[in-house]
Each structure stands twice: as structure tokens, then as C-alpha cells.
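Q: Given the sequences, and given the hints that come with them, work out the whole structure.
If you read the protein sequences in the order shown, they are chains C and Y.
For the first sequence, position 499 (counting from the first letter as 1) is numbered 499 according to the working numbering, and the numbering increases by one without interruption.
For the second sequence, position 488 (counting from the first letter as 1) is numbered 488 according to the working numbering, and the numbering increases by one without interruption.
There's no promise every hint is true.
Copies of the same chain are indistinguishable here, so a pair counts whether it falls within one copy or spans any two.
For lysine to aspartate or glutamate, the following EDC-like pairs were computed, each having C-alpha atoms within a straight-line distance of at most 16 Å [unchecked claim]:
#1 182 <-> 28
#2 381 <-> 28
#3 182 <-> 525
#4 39 <-> 419
#5 328 <-> 360
If you are wondering where the hints come from, they were derived from the structure by calculation, not from laboratory data.
Quick caveat: nothing in here was measured; it's all calculated off a predicted structure.
2 protein chains.
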Amino acid sequence: MTTLSPAELYERHRDLLDRARTALDTREYWSPFPESPSKSVYGESAAADGEAAFRALLGKPFPIEVPGATGQVGTERSPYGLDLGVSYPRADPEALLAAAGAALPQWRAVGPQGRAGVAVEILRRINARSFEMAHAVQHTTGQAFVMAFQAGGPHAQDRALEATVQAFTESVRIPGAARWEKPQRGGDPLAMDKTFTVVPRGVALMIGCTTFPTWNGYPGLFASLVTGNPVIVKPHPGAVLPLAISVQVAREVLAEAGIDPNVVTLAVEEPGDEIAKTLATDPRVRVIDFTGSSEFGNWLELNARQAVVYTEKSGLNTVIVDSTDDYKGMLRNLAFSLSLYSGQMCTTPQNLLVPADGIETDAGHRSPEEFGADLAGALGKLLGDPARAAGTLGAIVNDGVRSRLEEAPSYGTVVRASEPVDDPGNPDATIRTPLVVRLSASDEKVFTSEWFGPISFLVTTASTEDSLRLFRDTVRRHGALTASVYSTEGAVIEAAREAALDAGVHLSENLTGGVFVNQTAAFSDLHGTGANPAATAAYADAAFVTGRFFVLQSRRHA
Amino acid sequence: MTTLSPAELYERHRDLLDRARTALDTREYWSPFPESPSKSVYGESAAADGEAAFRALLGKPFPIEVPGATGQVGTERSPYGLDLGVSYPRADPEALLAAAGAALPQWRAVGPQGRAGVAVEILRRINARSFEMAHAVQHTTGQAFVMAFQAGGPHAQDRALEATVQAFTESVRIPGAARWEKPQRGGDPLAMDKTFTVVPRGVALMIGCTTFPTWNGYPGLFASLVTGNPVIVKPHPGAVLPLAISVQVAREVLAEAGIDPNVVTLAVEEPGDEIAKTLATDPRVRVIDFTGSSEFGNWLELNARQAVVYTEKSGLNTVIVDSTDDYKGMLRNLAFSLSLYSGQMCTTPQNLLVPADGIETDAGHRSPEEFGADLAGALGKLLGDPARAAGTLGAIVNDGVRSRLEEAPSYGTVVRASEPVDDPGNPDATIRTPLVVRLSASDEKVFTSEWFGPISFLVTTASTEDSLRLFRDTVRRHGALTASVYSTEGAVIEAAREAALDAGVHLSENLTGGVFVNQTAAFSDLHGTGANPAATAAYADAAFVTGRFFVLQSRRHA
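A: Below, the structure is given as C-alpha cells:
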């Protein structure tokens, strides 16, 4: 094994970091990690090797060292019914904090360049394990295989590299050294030599989610890492494996580079241990990243007072439907957005606002009822073939989603019922089509709660103006990660843009083709804003990284 | 009157903004606002005109419009005994919040370039009033005239421009527009046009301090302004005039540029109104800048939960004395640091740590007692002439400082007593020389409190190693804005640097010439770190500005 120091890893990956920086500056399309699970990209045997590697992990303790761990714990179940049987060392929070604290000075001394080099090396190796990762993501989150490959692999790696570059760039904006010479009247200048050192805030904690453990977990993990903070990775009990693999790779790269591998550790708990709370409120933990429920996110914001807390929670993703000149394209686009991964995305539209007078389209005028029927038709067309439907829908991740699906129809008129899909390829998976329920604007109590899963409401409003008012008001109060508008009127688009600025949410306009409101592209699209209650930060702008470190100065006469 | 739009003001000041950005990137010496109050720089009549302008303000209501104000209030008294008699409109918090909220959409729409242009124009005009400002600062803070001119005028303007440039640069890192084209297999690329808009967090509140109302007030004010947040300026009741002049200029420039002047408003209160608390906890206030006591700073951090809170509070500025090859230079430098503005700076050294074995110097070995006597001698030499002493010391700002001066001697051995200075030019001013008291390391309870004012402790430690331990430990717990070390040993300097990184404080090494630990230069030195309890931020790094705005995106098919 040839090992490289952090400085050598930086040199190896320097061009990639530069290229990534250019992408971030221009926001043009760029992706270093190919999203296609094809042989031509990943190699002839990659798919088979990846599956074999995944299978080899099943039914035994996952091979990872966790400082101070006691015993083993396994909490995952596959939404596809596969018996996983993987167990992990059970974490002792105090031992993890001590190990992370002990690793800090060496990691601080590595400096931004070396840390960025290590981070990219970790990502390169994670990328090489993308097929293995795809199986791990599929069998914890319930995503269909291709989506698990893309969202759990290359897309997540893109977001990780984005956070790496952002963290690296922001932490070297102040130069490492400077000469300062102040002219003096009638004498030599006052000359000082100054040194600037990046210092991490402290120990970081990344709390993962169950639906996108890597895509939502990597940005915080890599941003903290590159800015010098040792990171304790605490996966959701339902989706440990994808992050365990990631931590395993990180520790391997760190150790090879001569760094204490406890710069990244894995914290797996027995249900009831509540180690997230224990860790999050420890004075040594100074940075927290969290994706998940508003309830626990708000708890963290209120109680983890010693830390900077980056949360991505939930909200009311909204579509304002006013008019369109591509009715078919709009319906197709919406149907896919509602169906992808059974709506189990923090970005899936929930509230579709339609004026009572109906909408103008290239296929003629449509009343809210007609629009509902047409949307139901588009869903039926998209999901008609069980095998193809399963590839879009994936499986239902847990019982919470199932019970919401059962409850929601009682609140209004069912526009399209949720139905089970029997996929012959996945007989043990729970697969459901999206539910669409029609409500009126007076049902605000219903549609201002988040209904995570394949549940959407077609809300009839007095007018498009009223839709915009409702959008602005509900998103301001309850948050949203996405919003979109359909209109052929420039004035309506303009008003929707202003409303989105007021509401603090990103806006997609007239999506009728191959781009969907639920999807964002790293290096170009921001994910989250911080400007509404759904999230305190965005992947990955400067604000996402600058709170993770300080620059300390020393100076002396030159 | 020729008026210019924000866009035209940006064009006018574009070169200056570019030059300032270069200074920030290199951290070399640069200052656009000359610090010398000389005729050759500011013009033949500038001094006399400035004094006349100041005199014209006395004894009457200050001419400024404050939305919703009721009656007049005057709370200032000059530490030099001059009867000021200036009064200001008494603020109504609700009216100020409503006015700021109403001004927000227009200010948001101006965009980063126009806002930066307006900010620089404000600074240019404040600079032209530097002599008037110097009198206002002298007669509220007690700073001697030349210091009031420099710290209250050009140096404060430098820090303001630094914050302006930092805010401008960070808010345009993401381009305003981008074209995104993703290649598709066997077809046209997916093409999207994207728009990115800077959106302010909300209404900002700047709470000023009594000793450096402009120097400490401008960074937050200008950072918030340039990132689009309307700012309510709430001066300390003891130092209103310098900020009232600043707000007056800001409103004048805004109005001329066609912008609602309520983008900047003045909030003056009757004692007991407690409008800082009312404003700070209002849900509409989303950004707070505060300089002052740890007590109120901590209160803000705990209670203003809806806002991002930037505080600069107090701490234990520490000097580690180990050895020197320029004993005279060290004593002279320290004596000046303790004397400047009677130690009423957040950066004045309080705790001087000296090993019990004494220190090695080019003038031979010195015991702690001998070092104390020599420091007392250096103070005597510096402050021997009353008129010259008064020019360094300025006047005591309030009764709190006086009573601490009376209390401190009882805790240890007086090394040098504080004495009154009778300056014939300022018969009504309260002027005092610094007090130095010797303590032992076991008097930790005394020296771990902050004794704001001309009060320093010479603390005898077991060894330099023990000094470093004490430094690291006390600053970690209680904070500090400055630290310095004197040593001829490379290993001691190295250890002090590590200790300073651990403690989270900037370090000055072996200052023996014309640079003093209490002084920092804009565009090169950071002031504060955020890494210890004395402050949550630094003037002015990226972290100081990125929390003040969000970037919101909209996208559509190209």
C-alpha cells in the first residue's frame, strides 16, 4: 500500500478542487461523479462486484473500529423485505467525545489544503464503492435501485465535493501569512509579519436521516471535516449502513495519511439510548448538522445552545397553478414529481393551489375538478405498469408514512386514491401510488401540516392572487424547501418571484420537461435557504461553512 | 444638488471597492481615510469648520427625522465638563420597526452593487465631517482629541469600509444569473436559466457602546446595510451624538438616491425605556450587533432567539512576560498600552503574568518585584507631564470606572497607584493614571473578573509554563480580545501560539515599538475571534457578514 500525506493528497486532487471552484462560481452544469450506473463508466464488473460486496456485509458485525464501544447493535430493516442482519458497535458518547477531542489538534495542524486533499480522497474511494452503496441505500431507505445509486451515490458525492470546495475556499480567503508595512513620516515604515491560522469550532455532530442518509448527511460531514472539526456521525437507526460504509472509508483514508482516524467516528445506538440528545447538548460539541423532523430539529435549535446548528426539517412545498401552454408537459412533470420515491422527499410538492375559476391551458379551460381528473389520469399513465411503477416509486420506508396514507382521505375529496403495487421483482416490498385529495382554502388546518410521503392536496383558492397570498403566508409560517409556479402570464410569474422572495423559498417556473421541482443539482442549485422555517441553511453557500471555523492571528515586528 | 442613483454611486466608488477588496485579500497595509488631522490632508479650514459645526449643535434639538417619535430626550454629559445640551427625538419602537419593515422591499430591490455604492457615499460624507465627529466623540467618550479624531473618525471609517467590502463581496459570490446545460444522451441538453437574488434576513438592530460608538458600531451597521437589512441604530445613552451624526448622513444620502431614508433610523431612549430589550426580542428583528457588557451581551444571546446575534463583550486581556532582548522597549510599549484612553478599551491588557523566578532581559535578570517597579517607572516617565499625559489618557468616561479604581487596590500590593492629573487645558475633566496591583496566581477570583478601565494586575505565576496554562485556561473560560507574549525563546513563542489557538485569541509577539496590543488595523488585523467568550464574531471576516442574508433562486427552461 502506497500511502500519501495530506499535502500529497492535496496535490493529487488540486485540479479537481480548482475545477469544482469554477463550477461553483459560474453555477454552470458540472458533475465529477458520473450518475449513470453503466459498465462503460464504472467498469465491466462494477455492478456484480458491488452487489457481492454488499452481500458480504449481511448477517454479521460491520467491520469498523469505534472507540469505547460496548457490544453490538442492529436496528435496520429493508423496506424490500431483505433480511439484513448487520450489526454495529454500540456507541459510548463519552468515549466518542474524548476520542474526537484528542484527534482535534493534529487535524487542526493539517491545515485547509491537507484537509481538502483528504476529503477528496475519501470521496474518490466512496465513489468507487457506488454500487455497493446503492444496495445499502436501497435496502435502508426503500429507494428503487437506480435512484439509490444516483441519489445515494454520485449525486451525494457531488454535494459532498461542493461542501468540501466551499469549506476549503472560504477557509483560505484570508492568506496564511502577510507582511504589513505602514509608512511613517520621516522614518522607516512600521513593519509587521502576520500569521493567520484556521481553527475549528470544536467537535462536530452529524445526525443522519432515514430517507437520504448520504445526500443529506455528506454536506455537513464534509464541511465540518474540511474546516478542521472532528465529526461524530450519528446515523438514523433505520439507515445506518450507508453512513457506516462512508465512515469506514474516511477512517481508512485518514489512517493511511498518518492521521488519527478518530477524526471521523460512527455513533450507533440501541433504541432508547437517545445519544443524539446526549451528544448534541455536550459542551464539547460545537457544530451540529441535522436532517429530519421539525420536532427534533426545533428541539436542537432550542437546546443545543453551545453549538451552531444547521437543520433541514420539513415544510409545505407548494405549486401555484395559474395557466400553461403545455398542459400535457405540466401534468407529466407534476405526476412524476409526486411519484418519485413515493413522495418521500423533503422536496416533493404537497399543496397544489388552483383557482376556483379554473386554469387556461393549450388544451382549453380546465376547472379544478377537471384538472384533478387530468392529474389523476397522468398518474395512472405513469404508474400503469407495475414493474416500471416500482422503479419510480420505490418502497414505503416506514409505518408512519403508511398511517398518514390511511388518514389523509378523510379530510377531503379523493382525487386519486393510493393503491398498492405488486411488483413481481419485489414481492416483499410495500409499494404505494400517490394519494391526491381535494381541499378548499378553508381546510388550512389540514394542509398547513406536513404530510410526509405520497400525499398531496389540491387546494382550491379564490384566485391566483389568493393562491400567491396563501403561498406567501403559509410558507413564511411553516416553511418549504421547494415551490413552483405554472403561468403563461409574465405578471403572474413576476408576482410569484416576489412572493417567493418574501416567503424565503426557491422557485421553479413552468417545469414541463426533464427537470423536476424535487431535484437540485450540486454546484448550481442551492438546496434550502435558511430564509424560512424549513431549514437554517442552504447546500452549500458560504454561510453553510463560515460558522464552522475561526481565523486566529499572530503578529510580530518584521 | 445633483443626485445620483445607487447604481451611479456604485460606478463612482467602484475603484475604491476594488482596491479595498485587494487589501482584504492580501492583508497588506492600506487605509483610504487619512488618520492625520492635518490641514494638508483635510484642508485649511477643516479644523475650525468642524469645531464650529459641533458648537452649532449644542444646546438644541439635533436635526433628524425619526418616524413616530414623541418628544425630545437628552442624556449625554461630557467627561470634559462641557455642557452639551443636545436632545433627540424619543423613539417609539413599534413605529421604528414598522418604518424599517416598510423600507425593506425597496432596499432589497436595489441589489448588492447599489447598496455598496450608497454605503461608500455615506462613508465619504462622514469622512468629510471628521473634525466635527472628533469633538462629538471626545465629549461623549472622554477620548483625548487626537484619539477621538482617529479612532472615532478615519479608523472607524476604515472598519466600516472593510465591513462594506466584505458584505458586498460575499453577497455577489453567487452570480445574479446562470445558464445550466446538462448533456443528454442522444438529444439536446437540458437547459435552464437561473436567477439568484440576495435577500436580507430582516430588520437589523445595532446597539452602540459608550467608549467607541462609531468604531465598534459601524462594522455591524454597514454589514447589515449592504446585505439589504434596514438598520435601527440604538446608541448608548452616554454617546448618542456620534451615531446621530452618522445616521443623519446616511438618511441624507439615501434620500438623495431616491431611497426611503428609513432604511437607517435612530433610536434614542429616556433612561428606563429599555427599548434595546423591546427591539431585540421583536420577531421582526433578525440581526443584532452589540458592543458592551458581558451581562447584556449574554442576555441578548440567550433571549433574542429569533435573531443572529453578533456581540463584542469583555474578557481578560493577558500578557505573558517570559524574557526580552529589549527591556526598555517592552516597558515603554506596555506603559503606553496601559495608559492609552485610561485603559478604557476592550483591548487593554489586564493580566500581566510573570514567573516567580523573574525574567531574563538585556538589562539583566528582573524579579517580579523589580519588573513591577520598572513598569511603574515607565508609566511615570510616560505620564510625567500633565498636558502630555492628558493627551494620552483622555478622561474617565463614567462613575463605574472610578469606583473600580477605588476598589481594586485592596486586593493586592499596589505597584503603581492611580493618580489624578490636573490638565490646565481641561480643568473640569476627570483624568487618572493607570493602577497596577500585584497579585499571586491564587487570587484567581480577582483577576478572572473584568476590571474595565485603567486597572491591571501583575500576577506572579510558578513559571512561564504555568503562565501559559493560566492564560489558556482563563481565556477559554472568560474570554479575551487581545493577548501578547514577550520571550526570546523560540519554544516559548511556539508554545504561546499553540496556547492562543487553544484559547481562541489573537496573539501579539514581542511588541516593543510603535505597534500596540490594543490597536488593530482594518483590512489587515482581525478584531475579536468568536472563538472565546469575549465575542461571537470578528471584524470583519466572511462569517461576520454571511449570516445577514440569504440567496434565493428561481429557475426556468431556457
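Q: Taking the hints in turn, state whether each one holds.
A: Structure-based check of all given hints:
no.: 1; hint: 182 <-> 28; result: between (42 Å within a copy, 9 Å between copies)
no.: 2; hint: 381 <-> 28; result: neither (34 Å within a copy, 65 Å between copies)
no.: 3; hint: 182 <-> 525; result: between (44 Å within a copy, 13 Å between copies)
no.: 4; hint: 39 <-> 419; result: neither (35 Å within a copy, 85 Å between copies)
no.: 5; hint: 328 <-> 360; result: within (13 Å within a copy, 86 Å between copies)
Checked against the numbered hints listed earlier, the structure breaks hints 2 and 4; every other hint is satisfied.
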